[in-house]
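> Generate coordinates for the entire structure from the input sequences, incorporating the hints supplied.
One-letter residues, chain by chain:
Protein chains: 2
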Amino acid sequence: MTMHDARTRADADGGADGSAEQTEQPRFGWHKGYVDGSRPDIRVPVRRVHLTNGKDVTLYDTSGPHTDPTVDTDVRRGLPPLRENWIIARGDTEEYAGRELRPEDDGVKHTAPRGGLRNLDAVFPGRPRQPRRGRDGAAVTQLAYARRGEITPEMEYVAVRENRSPAFVRDEIAAGRAVLPANVNHPEIEPMIIGKNFLVKVNANIGNSAVTSSIEEEVEKMTWATHWGADTVMDLSTGRNIHTTREWVLRNSPVPIGTVPLYQALEKVDGRAEELSWDVYKDTIIEQAEQGVDYMTVHAGVLLRYVPMTARRKTGIVSRGGSIMAAWCLAHHRESFLYTHFEELCEILRAYDITFSLGDGLRPGSIADANDEAQFAELKTLGELNGIAKSHGVQTMIEGPGHVPMHKIKENIDLQQEICEEAPFYTLGPLTTDVAPGYDHITSGIGAAMIGWWGTAMLCYVTPKEHLGLPNKDDVKTGVITYKIAAHAADLAKGHPGVQEWDDALSDARFEFRWEDQFNLALDPDTARAFHDETLPAEPAKTAHFCSMCGPKFCSMKISQDIRREHGGDLTTEEIDEGMAEKSKEFAEAGNRVYLPLAD
Amino acid sequence: MTMHDARTRADADGGADGSAEQTEQPRFGWHKGYVDGSRPDIRVPVRRVHLTNGKDVTLYDTSGPHTDPTVDTDVRRGLPPLRENWIIARGDTEEYAGRELRPEDDGVKHTAPRGGLRNLDAVFPGRPRQPRRGRDGAAVTQLAYARRGEITPEMEYVAVRENRSPAFVRDEIAAGRAVLPANVNHPEIEPMIIGKNFLVKVNANIGNSAVTSSIEEEVEKMTWATHWGADTVMDLSTGRNIHTTREWVLRNSPVPIGTVPLYQALEKVDGRAEELSWDVYKDTIIEQAEQGVDYMTVHAGVLLRYVPMTARRKTGIVSRGGSIMAAWCLAHHRESFLYTHFEELCEILRAYDITFSLGDGLRPGSIADANDEAQFAELKTLGELNGIAKSHGVQTMIEGPGHVPMHKIKENIDLQQEICEEAPFYTLGPLTTDVAPGYDHITSGIGAAMIGWWGTAMLCYVTPKEHLGLPNKDDVKTGVITYKIAAHAADLAKGHPGVQEWDDALSDARFEFRWEDQFNLALDPDTARAFHDETLPAEPAKTAHFCSMCGPKFCSMKISQDIRREHGGDLTTEEIDEGMAEKSKEFAEAGNRVYLPLAD
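Top to bottom, those sequences are chains Z and E. By the UniProt record's numbering, the letter at position 35 of the first sequence is numbered 35, and the numbering carries on one by one without gaps. By the UniProt record's numbering, the letter at position 25 of the second sequence is numbered 25, and the numbering carries on one by one without gaps.
By construction, these hints were calculated from the structure, which means they are not laboratory data. Computed from a predicted model, the values in this text were never measured in an experiment. Misleading hints may appear alongside valid ones.
[Stated by the list, open to error] Dumping the calculated DSSO-like pairs for lysine-lysine here, alpha-carbon to alpha-carbon at most 27 Å: (1) E:K410 x Z:K408; (2) Z:K55 x E:K314; (3) Z:K408 x Z:K494; (4) Z:K494 x E:K314.
[To be verified] Partner residues aside, some chain Z positions facing chain E, computed with beta carbon under 7 Å: (5) K314; (6) I367; (7) G438; (8) W502; (9) T527.
[Stated by the list, open to error] Some chain Z residues well away from chain E (every beta-carbon gap over 10 Å; in silico): (10) N53; (11) G78; (12) A167; (13) F168.
Quick reminder that beta carbons are idealized off the backbone N, C-alpha and C, glycines included.
Below, the structure is given as structure tokens:
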């Protein structure tokens with residue numbers, strides 16, 4: 001593997017030598033770099049932080065071409081179709097006419113003019129509308145390929161990205177322990193993998209509401225979320241322009257896009273849950289499949305007999321999809337079309353390689369309801385559906401709670417892993433207390449870190465606005481950063497290979513007063529730099545640890561390292577002790593000056 | 001026990017009926033209330049949240065008289081000496097002339113005019129300067145009383161506060177599993193207890209720096225921190241006016257105040273660590289003891305032979321006190337005066353009932369250094385010192401790390417509990433990763449919640465400015481709120497009796513759309529209300545769960561509750577199912593309207 005940089009001229013000028021780089025920062029505190037795979041079209045993006053001591057730190061990068069100064073990204077043209085040739089080369093898919101777009105796809109009333117979709121045509125004039133699907137309903141899924149022993153370019157891409165062997169990636173997918181969400185109609189994505197034996201991933205939810213935000217805002221939210229580290233994005237848009245918004249998001253997204261098709265289906269029946277039908281739902285699935293949605297949340301586990309179990313709950317059913325299906329089951333008093341048509345659904349998803357995210361419609365919405373009868377009854381059904389989906393060759397992950405106190409978290413992941421044969425767990429938080437609305441990114445970040453450590457593969461972020469309002473750009477950033485902390489803390493606790501190098505590099509910079517390096521290595525360089533410059537006086541700032549206490553000329557670390565270097569090897573405690581005693585004389589002769597440090 | 005309210009007239013007017021209260025809020029979203037003990041001078045403050053459904057929720061309150069509208073608090077007069085008569089009544093203490101105040105107590109150079117202390121005289125003209133101490137060095141500690149089987153008013157106060165029996169409180173203190181920090185010269189405090197079998201507590205650090213903040217600012221920071229829930233406050237002031245600042249903080253603080261006397265001692269020798277001596281340190285201890293400091297961090301576990309163990313570390317010694325003592329040990333090449341004079345130190349502390357907080361001067365400052373030789377070597381020494389302190393009747397807690405990845409946290413609390421005979425553990429975080437400067441309240445909040453669940457008695461907060469700068473008022477609030485979340489999540493996980501009632505009350509309010517109740521029950525009502533009003537449109541805001549999906553007339557919760565009430569008892573799943581089937585007809589007849597909900 002060879003590595004190279006994509007630098008702006010400004011970066012290149014400053015990047016050459018450390019001292020210059022201190023003053024002249026790269027645009028984001030890091031440079032875009034690429035790691036080459038075995039073939040020229042496998043180039044895996046990384047963040048290269050060039051330290052002032054000449055070393056490099058390489059970090060995982062989710063931001064896509066949007067942060068590559070050498071790529072001119074135009075939201076109206078969309079991203080280059082990175083995977084297109086890989087998909088075509090497999091020869092198991094075909095282009096076809098595809099479903100005709102209708103005004104109601106954009107939530108436009110039947111009587112209204114076709115404004116919505118003419119807009120859409122105008123959006124991507126360059127793109128053919130011809131969608132692609134498996135020839136004769138063939139399973140064109142990464143799961144099917146892995147089971148056949150094939151290593152796809154997507155698998156190799158992921159292997160490079162996660163620093164694992166391609167065979168390991170293939171075997172984890174084949175075993176159903178990991179998913180590689182990649183719709184054949186979403187060639188723009190940079191392949192990523194979700195599984196407990198890989199880095200813990202983070203999902204960010206976006207979505208316009210009838211009241212706020214435009215299409216451009218949603219695309220901006222998506223690129224903003226991936227800039228800060230979101231590994232996937234779910235578009236939960238409702239109301240107007242839902243199809244067009246999704247098209248924009250998909251064409252510009254370097255990460256897999258997930259949706260809850262039920263939301264759009266509900267729009268098509270004007271919000272009347274009981275008027276939902278398999279036909280309306282199927283129509284919506286195909287519409288989104290042809291656009292390129294990579295994974296879909298399906299609440300097929302909400303069975304009629306489970307609904308009464310929520311009656312004794314403190315907060316009933318809090319999942320939107322779950323409540324829609326429960327309402328349908330109650331109105332018709334029979335099992336939902338999602339459950340009765342599940343096998344047909346599998347046939348559709350496998351023709352596009354859409355990954356199931358089996359939704360936990362009955363997840364607890366309060367501490368009181370955690371791990372209750374309704375939740376675990378649904379989980380058992382999700383286990384059955386997981387087996388059916390796999391038998392059809394469909395990649396599958398399972399969604400989890402919710403609100404769960406710390407001592408009940410482990411039971412969730414353990415039970416899910418057992419019942420769902422180690423299928424990737426994808427949890428919302430969990431929130432570890434109900435008492436802090438306005439801070440639920442923190443109440444849930446605690447639970448997310450713990451459940452990630454114990455095996456959850458992907459964490460769905462929660463923003464400070466949870467329970468209170470719609471997240472704005474700042475909330476999206478806060479949610480993503482908080483969840484990247486939880487995911488990285490989990491990777492550390494799992495002992496994931498190489499993960500601690502990031503912590504070590506930052507701690508080295510901190511210990512050696514390399515402030516610019518500390519900022520650039522931070523999860524959020526902007527905030528770290530701003531906080532430092534805002535309140536910390538220059539000198540005390542550099543005295544927050546031991547060697548500074550003794551002055552630059554006298555630091556137990558440096559001394560001992562010097563002594564060790566002289567002896568060219570490890571020393572006994574006695575030897576180091578001697579060296580210290582010597583140095584303590586020097587210290588006295590040097591005037592014993594100890595600076596005034598900061599409180600620790 | 002009887003309960004009564006302290007209300008402002010405005011509150012009383014609005015408080016009478018629920019509907020009025022919805023529009024007319026109490027000052028902080030709650031009313032100050034008191035629970036009476038067995039005698040008129042035991043009145044334990046509580047927060048009474050009056051809900052719009054007529055119910056009350058009673059919460060623990062740390063804010064002191066500052067939030068009692070019937071008490072006129074004047075920072076220049078200080079708080080009423082609540083415990084004075086209790087202390088006098090015990091008859092085992094005596095007033096004495098006390099140490100003469102000196103300019104250097106305020107960091108004023110010997111050559112400078114006595115400005116500092118004349119200021120001090122002017123600050124509290126009403127207060128006699130006569131300090132109090134144990135007669136003939138008697139142990140006037142809560143530990144000594146508890147061992148004799150006595151239940152002090154302080155113990156009963158705490159029992160009411162924690163909803164435990166006075167005997168239980170006494171026994172936990174007698175066993176050394178809990179401490180009740182209460183210097184005989186700090187009669188203003190409202191007694192609180194720190195121990196694993198009580199509510200997890202939170203400490204907030206304040207402290208002026210030479211560069212920023214005035215005395216008034218520090219007092220304001222203290223009242224601000226306790227308003228948001230800080231159970232104790234540590235004054236880590238350095239530089240000028242250090243004595244006067246502490247006097248102001250103590251006289252106005254309703255919570256125990258902790259310090260690190262070493263910081264002031266270092267000031268007295270102009271910051272030259274090697275010039276520190278037992279005499280200077282002893283002088284400082286007595287100065288602060290006479291002012292009323294309730295607990296003191298003492299880094300007596302930093303032994304000369306441990307210092308070299310930090311040489312191979314990534315971040316050496318990051319504790320300020322630890323580094324000062326390490327510097328002293330290196331300069332003199334012998335054990336520190338804290339260690340060699342420890343028994344004498346015990347004799348002083350027990351005469352004022354000052355609680356030891358044995359500092360972990362060698363705590364890890366990075367993930368790489370967690371649970372290493374140096375850290376655990378010091379812990380063993382702290383275990384020995386804990387035994388010595390107890391043998392002198394001195395209350396003792398043990399300080400803990402620091403930076404620790406999740407999978408190494410439990411070893412810390414388990415080892416500390418074993419080595420220190422279950423003495424209360426008091427930890428800083430721990431931070432679960434090094435990569436997020438600017439967000440270390442979150443990286444550490446994760447570790448704090450976990451170690452709290454596993455038995456840590458008090459959590460020292462970390463603010464967003466950790467590693468970067470000095471916390472301002474907003475940072476103090478964010479730090480306290482984050483740590484109250486961690487502490488409450490830990491109490492829930494421990495199954496602490498009654499703790500979940502708070503979560504349940506808030507979740508009930510959430511489920512029943514009682515928005516004002518949800519705000520007032522929130523850990524931070526201001527932020528919850530602001531976030532709601534900022535972005536959430538009125539109607540969608542009320543449709544985020546199941547019963548709203550079906551409209552006010554049709555909610556599985558309400559229906560099932562109605563049915564249950566009719567039958568006057570629990571129903572079988574079948575019976576509820578029937579009821580639902582019936583209602584589903586009504587639902588159809590009612591037009592099956594389903595509102596558009598928010599994304600969950």
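> All hints, please: hold or fail.
Results for each hint:
1. The hinted pair formed by K410 (chain E) and K408 (chain Z) meets the criterion: a straight-line CA distance of about 17 Å does not exceed 27 Å.
2. For the hint pairing K55 (chain Z) with K314 (chain E), the CA-to-CA distance comes to about 17 Å; that is within 27 Å, so the pair holds.
3. Distance hint between K408 (chain Z) and K494 (chain Z) is fulfilled; the C-alpha atoms sit about 20 Å from each other, no more than 27 Å.
4. With a C-alpha separation of about 21 Å, the suggested pair K494 (chain Z) and K314 (chain E) falls inside the 27 Å cut-off, and the hint holds.
5. Given hint, K314 (chain Z) at the interface with chain E, holds; its Cβ is 5 Å from that chain's nearest Cβ, closer than 7 Å.
6. Hint status for I367 (chain Z): holds, given a least beta-carbon distance of 4 Å to chain E, under 7 Å.
7. The restraint placing G438 (chain Z) at the interface with chain E holds, with a minimum CB-CB distance near 4 Å, inside the 7 Å limit.
8. At about 5 Å, the closest approach between the beta carbon of W502 (chain Z) and any beta carbon in chain E falls short of 7 Å, and the interface hint on this residue holds.
9. A cut of 7 Å between beta carbons decides the hint on T527 (chain Z): the least distance to chain E is about 4 Å, and the hint holds.
10. Residue placement check: N53 (chain Z) keeps its beta carbon more than 10 Å from all beta carbons of chain E (closest about 15 Å).
11. Every CB of chain E lies more than 10 Å from the CB of G78 (chain Z), the least distance being 25 Å, so the non-interface label holds.
12. Against chain E, the non-interface label of A167 (chain Z) holds: every CB pair exceeds 10 Å, the least being about 28 Å.
13. For F168 (chain Z), the requirement that its beta carbon stay farther than 10 Å from each beta carbon of chain E is met, with the minimum near 23 Å.
Against the hints set out earlier in the document, no violation occurs for any number.
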